[in-house]
Amino acid sequence: MCIMIPKIAQIPLVSSHPEVYDPCDDSFALVDALLADRANLLEHQPSICMEIGCGSGYVITSLALLLGGNSSAYYIATDINPHAVRVTQETIEAHGCHVELVITDIASGLEKRLNRLVDVLVVNPPYVPTPEEEVGCSGITSSWAGGVNGRDVIDRILPVADKILSDRGWLYLVTLSENNPLDICLQMRRKGYASRIILQRSTQEENLHIIKLWRDSETLLEENECMGLKKTNRVKNMNPIPFPQVSVWGCDSRNNR
Amino acid sequence: MRLLTHNMLSSNIKGVTNGFPLRMEVGKVVEKTVDFNADFLRNMFAKVEWNALVEGSKALGYFELPDNVESSMLESDEFLHKFHHALLELHLEQGALICPETGRRFPVSKGIPNMLLHEDEV
Ligand SMILES: C[S@@+](CC[C@H](N)C(=O)[O-])C[C@H]1O[C@@H](n2cnc3c(N)ncnc32)[C@H](O)[C@@H]1O
Numbered sequence: 001m002c003i004m005i006p007k008i009a010q011i012p013l014v015s016s017h018p019e020v021y022d023p024c025d026d027s028f029a030l031v032d033a034l035l036a037d038r039a040n041l042l043e044h045q046p047s048i049c050m051e052i053g054c055g056s057g058y059v060i061t062s063l064a065l066l067l068g069g070n071s072s073a074y075y076i077a078t079d080i081n082p083h084a085v086r087v088t089q090e091t092i093e094a095h096g097c098h099v100e101l102v103i104t105d106i107a108s109g110l111e112k113r114l115n116r117l118v119d120v121l122v123v124n125p126p127y128v129p130t131p132e133e134e135v136g137c138s139g140i141t142s143s144w145a146g147g148v149n150g151r152d153v154i155d156r157i158l159p160v161a162d163k164i165l166s167d168r169g170w171l172y173l174v175t176l177s178e179n180n181p182l183d184i185c186l187q188m189r190r191k192g193y194a195s196r197i198i199l200q201r202s203t204q205e206e207n208l209h210i211i212k213l214w215r216d217s218e219t220l221l222e223e224n225e226c227m228g229l230k231k232t233n234r235v236k237n238m239n240p241i242p243f244p245q246v247s248v249w250g251c252d253s254r255n256n257r
Numbered sequence: 001m002r003l004l005t006h007n008m009l010s011s012n013i014k015g016v017t018n019g020f021p022l023r024m025e026v027g028k029v030v031e032k033t034v035d036f037n038a039d040f041l042r043n044m045f046a047k048v049e050w051n052a053l054v055e056g057s058k059a060l061g062y063f064e065l066p067d068n069v070e071s072s073m074l075e076s077d078e079f080l081h082k083f084h085h086a087l088l089e090l091h092l093e094q095g096a097l098i099c100p101e102t103g104r105r106f107p108v109s110k111g112i113p114n115m116l117l118h119e120d121e122v
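If you read the protein sequences in the order shown, they are chains Z and R. Note that the first sequence ends on residue 257 in the working numbering; no numbers are left out. Note that the second sequence ends on residue 122 in the working numbering; no numbers are left out.
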């Protein structure tokens with residue numbers, strides 16, 4: 001019997017540069033989460049897929065490969081580090097794929113026209129808690145430095161994601177426990193997003209969470225209803241809940257309250 | 001850089017209100033064959049700014065796109081093939097994108113536009 005193994009980027013074909021972040025545990029966790037969600041992604045049939053902060057290109061190449069060929073979707077990736085964008089270009093070409101690339105801060109220059117167009121957005125941001133002044137330094141430091149709680153870049157990406165995600169758009173985001181993923185989910189919930197931790201992995205140094213977020217009209221309705229008195233109660237009630245292995249807010253939220 | 005990407009880019013300089021479409025300064029154009037996918041093209045049609053695509057394709061030396069379009073044209077194979085070629089197969093390899101309002105040049109090198117701003121432009 002022949003079992004089809006979905007293709008992802010191969011490490012020997014991933015290009016590198018001293019100033020560019022090599023694929024690491026966080027990158028592997030994100031791609032593993034995408035693989036685990038592959039059946040849903042295939043059914044979703046995204047027409048525009050994007051990565052913010054593509055680094056070596058390992059993730060966006062894997063996404064293009066696991067969705068099986070390029071001709072049915074537009075792939076676009078950005079990075080603030082010009083070396084990273086070049087390395088991504090080499091990685092993509094080595095795998096025979098095509099991804100459009102832009103050197104920019106988050107999605108600056110693309111936000112206006114990509115407004116509500118992106119069906120799948122993947123982000124492995126700089127998430128390590130660091131002194132504030134290390135954020136946005138040139139070169140390799142900017143690949144991990146995330147400022148206080150590691151949230152500086154994440155908190156700038158979330159409103160952009162909200163702007164460019166289509167009505168059926170999905171965001172896959174890598175976070176650490178130090179980033180307070182629960183708070184990220186709650187913050188996005190107020191904008192009408194349901195969320196789920198689709199993968200949790202502890203390595204020697206880090207406790208990684210991959211969050212999947214999507215717009216959910218029911219979540220938005222519930223949030224609007226709660227804007228009054230009830231809101232304070234609910235937020236109070238939600239905070240002490242220990243972070244479950246797999247949590248769902250939105251579609252299935254009744255089970256969690 | 002495909003014309004599809006040119007179609008998704010606008011000038012991000014602080015204070016610019018008419019940043020789209022970016023004009024193109026053409027150094028080198030390359031053509032790369034891409035698998036034809038009619039469904040994808042029909043899908044993208046609604047998302048593309050047609051005038052910007054026509055102007056962009058002319059800048060890259062391709063004059064076959066009609067100035068005016070309507071969605072019924074998506075039934076025509078001939079039209080779809082022209083749309084496909086302009087949108088996906090023509091690449092600006094070297095050159096620049098120019099902000100229509102300020103004239104600021106965003107370089108395009110090895111097919112990659114650089115939209116990073118200077119401190120005083122953010
Ligand atoms: C943790 S690395 C992830 C790289 C790659 N996606 C991966 O998973 O292996 C974060 C990447 O985000 C980029 N980055 C940092 N700040 C950015 C910003 N403001 N806009 C775009 N990219 C940024 C870094 O240059 C780096 O390549």
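If you're looking for bench data, these hints aren't it; they were derived computationally from the structure. It is possible that some hints are incorrect.
[Said to hold, decoys possible] Simulated pairs of lysine to aspartate or glutamate, EDC-like, Cα-Cα distance not exceeding 16 Å:
#1 K163/Z / E90/Z
#2 K163/Z / E111/Z
#3 K110/R / E93/R
#4 K112/Z / E70/R
#5 K47/R / D183/Z
#6 K212/Z / D183/Z
#7 K47/R / E111/Z
#8 K110/R / E90/Z
#9 K14/R / D105/Z
#10 K112/Z / D37/Z
#11 K32/R / D183/Z
#12 K110/R / E93/Z
#13 K191/Z / D167/Z
#14 K163/Z / D183/Z
#15 K212/Z / E93/Z
#16 K110/R / E31/R
#17 K28/R / E93/R
#18 K212/Z / D162/Z
#19 K14/R / E111/Z
#20 K32/R / E93/R
#21 K47/R / D167/Z
Output the numbers, in ascending order, of every earlier hint that fails for this structure. 1, 4, 5, 10, 11, 14, 15
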